[in-house]
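J.: Sequence:
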Amino acid sequence: MEDLLKIFKIKKPHAIKGEVKATLLINIKNINKLLNKLMFIQVQMMYTPVTLIKITVTKQDYILKFKEFTNINEVISFKECYLFGQKTDLNYAEVINQENLINFTVFHSHKKIGVLVNQFETKAHLVFEIKTTDGTLMMIPNVDVYVEQVNLQQQKIILKRMI
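Taking full-length UniProt numbering, the leading residue of the sequence shown gets 1, the next gets one more, and so forth.
I should point out that these hints are in silico values taken from the structure, not numbers from a laboratory.
For glycine and all other residues, C-beta sits at the position ideal for the given N, C-alpha and C.
One or more of the hints may lead you astray.
[Unchecked claim] For lysine to aspartate or glutamate, the following EDC-like pairs were computed, each having C-alpha atoms within a straight-line distance of at most 20 Å:
1. Lys111 <-> Glu148
2. Lys9 <-> Asp134
3. Lys123 <-> Asp134
4. Lys112 <-> Asp89
5. Lys9 <-> Asp61
6. Lys17 <-> Asp89
7. Lys12 <-> Asp61
8. Lys67 <-> Glu148
9. Lys11 <-> Asp61
10. Lys156 <-> Asp144
11. Lys111 <-> Glu129
12. Lys111 <-> Asp134
13. Lys37 <-> Asp89
14. Lys6 <-> Glu121
15. Lys37 <-> Asp3
16. Lys112 <-> Glu80
17. Lys11 <-> Asp89
18. Lys79 <-> Asp61
19. Lys131 <-> Glu121
20. Lys37 <-> Glu68
21. Lys59 <-> Glu19
22. Lys111 <-> Asp61
23. Lys112 <-> Glu129
24. Lys59 <-> Glu121
25. Lys67 <-> Glu19
26. Lys17 <-> Glu68
27. Lys12 <-> Glu80
28. Lys33 <-> Asp61
29. Lys33 <-> Glu80
30. Lys33 <-> Glu19
31. Lys12 <-> Glu68
32. Lys6 <-> Asp89
33. Lys123 <-> Asp89
34. Lys156 <-> Asp134
[What the hints assert, rightly or not] Computed beta-carbon distance windows for the label pairs:
35. Thr56 <-> Val127: 47 to 53 Å
36. Thr56 <-> Asn151: 31 to 37 Å
37. Lys9 <-> Ile53: 18 to 24 Å
38. Glu68 <-> Thr23: 32 to 38 Å
39. Met139 <-> Val43: 32 to 38 Å
40. Ser109 <-> Gln86: 37 to 43 Å
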């Protein structure tokens, strides 16, 4: 299962048509690239194949509809489960798995300033919590004004400016 990427965490069933409410776990530019792709819901240690046919964006979450399910009773068991997609279906350069950025080294002006210890989503954007080399905590929003580059291969984040 190394070729799978954790994309959504399913929170709970939504409505009576077999839809689920979910939280997005990655940053992806075009969420519609996931439509009509073979995906997998992990229930305990079993992977159930599903086809995502509809994505509705709400204020904080996503409503997902699968081809295989038509009523709420079929999706109740998916509460608090993860939805995986195949890495080959996504342009991996466009995808940042938010869980994988923890422990990335953070640089500013070619100097190491610390390590990413946490990240969280606000209504506006993702925020990085950085533990600096002197032990203090600093928060930087993940926006173009502050973040120059996130390098997944070298596991480093380069900042343009600091607060």
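J.: With reference to the structure, classify each hint as holding or not holding.
T.: Going through the hints against the structure:
1. Of the supplied pair hints, the one linking Lys111 and Glu148 holds, its CA atoms being roughly 14 Å apart against a limit of 20 Å.
2. The straight-line distance between the Cα atoms of Lys9 and Asp134 is roughly 35 Å, outside the 20 Å bound, and the hint therefore fails.
3. At most 20 Å may separate the alpha-carbon atoms for a hinted pair to count; Lys123 and Asp134 exceed this at roughly 30 Å.
4. A threshold of 20 Å between alpha carbons decides the hint, and for Lys112 with Asp89 the separation of about 35 Å lies outside it, so the pair is violated.
5. For the given pair, Lys9 sits about 10 Å from Asp61 by alpha-carbon distance, which is consistent with the 20 Å threshold.
6. Note on Lys17 and Asp89: the hinted pairing is violated, with a Cα-Cα distance of about 26 Å set against a maximum of 20 Å.
7. Of the supplied pair hints, the one linking Lys12 and Asp61 holds, its CA atoms being roughly 11 Å apart against a limit of 20 Å.
8. Proposed proximity of Lys67 and Glu148 is contradicted: the alpha carbons are some 40 Å apart, above 20 Å.
9. Annotation: proposed proximity of Lys11 to Asp61 holds, straight-line Cα distance about 9 Å (limit 20 Å).
10. Of the supplied pair hints, the one linking Lys156 and Asp144 holds, its CA atoms being roughly 16 Å apart against a limit of 20 Å.
11. Of the supplied pair hints, the one linking Lys111 and Glu129 holds, its CA atoms being roughly 18 Å apart against a limit of 20 Å.
12. Under the criterion of a C-alpha separation no larger than 20 Å, the hint pairing Lys111 with Asp134 is consistent with the structure, at around 13 Å.
13. Restraint check for Lys37 and Asp89: the C-alpha separation of about 7 Å stays at or below 20 Å, so the hint holds.
14. About 17 Å separates the Cα atoms of Lys6 and Glu121, which keeps this hinted pair within 20 Å; it holds.
15. Simply put, Lys37 and Asp3 have alpha-carbon atoms about 14 Å apart, close enough for the 20 Å limit, and the pair holds.
16. Between Lys112 and Glu80 the alpha-carbon distance is near 37 Å, which puts this suggested pair outside the 20 Å criterion.
17. Taking the CA atoms of Lys11 and Asp89, the gap is about 24 Å. The hint is violated against a cut of 20 Å.
18. The hinted pair formed by Lys79 and Asp61 meets the criterion: a straight-line CA distance of about 14 Å does not exceed 20 Å.
19. Taking the CA atoms of Lys131 and Glu121, the gap is near 18 Å; set against the 20 Å cutoff, the hint holds.
20. This hinted pair checks out: Lys37 and Glu68 have alpha carbons roughly 13 Å apart, not beyond 20 Å.
21. Restraint check: the Cα-Cα separation between Lys59 and Glu19 comes to about 17 Å, which is no more than 20 Å; the hinted pair holds.
22. For the given pair, Lys111 sits about 37 Å from Asp61 by alpha-carbon distance, which is inconsistent with the 20 Å threshold.
23. With a CA separation close to 15 Å, the supplied pair Lys112 and Glu129 stays within the 20 Å bound.
24. Among the hinted pairs, Lys59 with Glu121 is consistent with the structure: their alpha-carbon atoms are about 13 Å apart, no more than 20 Å.
25. Among the hinted pairs, Lys67 with Glu19 is consistent with the structure: their alpha-carbon atoms are about 10 Å apart, no more than 20 Å.
26. Among the hinted pairs, Lys17 with Glu68 is consistent with the structure: their alpha-carbon atoms are about 11 Å apart, no more than 20 Å.
27. Between Lys12 and Glu80 the CA atoms are separated by roughly 7 Å; this keeps the pair inside 20 Å, and the hint holds.
28. The hinted pair formed by Lys33 and Asp61 meets the criterion: a straight-line CA distance of about 17 Å does not exceed 20 Å.
29. Distance restraint check for Lys33 and Glu80: the Cα-Cα separation of roughly 23 Å exceeds the 20 Å cut-off, and the hinted pair is therefore not satisfied.
30. Distance hint between Lys33 and Glu19 is fulfilled; the C-alpha atoms sit about 19 Å from each other, no more than 20 Å.
31. Between the alpha carbons of Lys12 and Glu68 the distance comes to roughly 17 Å, so the proposed pair stays at or under 20 Å and holds.
32. Taken as a hint, the Lys6 and Asp89 pair is honoured in the structure, with Cα atoms around 13 Å apart against an allowance of 20 Å.
33. About 28 Å separates the Cα atoms of Lys123 and Asp89, which puts this hinted pair outside 20 Å; it is violated.
34. With a C-alpha separation of about 18 Å, the suggested pair Lys156 and Asp134 falls inside the 20 Å cut-off, and the hint holds.
35. The beta-carbon spacing between Thr56 and Val127, approximately 25 Å, falls outside the hinted interval of 47 to 53 Å.
36. For Thr56 and Asn151, the Cβ-Cβ distance of about 33 Å falls inside the hinted range of 31 to 37 Å, so the restraint holds.
37. For Lys9 paired with Ile53, a C-beta distance near 19 Å keeps the hint of 18 to 24 Å intact.
38. Restraint check, Glu68 to Thr23: a C-beta distance of roughly 21 Å breaks the suggested window 32 to 38 Å.
39. The supplied range of 32 to 38 Å is met by Met139 and Val43, whose beta-carbon atoms lie about 36 Å from each other.
40. With their beta carbons about 39 Å apart, Ser109 and Gln86 fall inside the hinted range of 37 to 43 Å.
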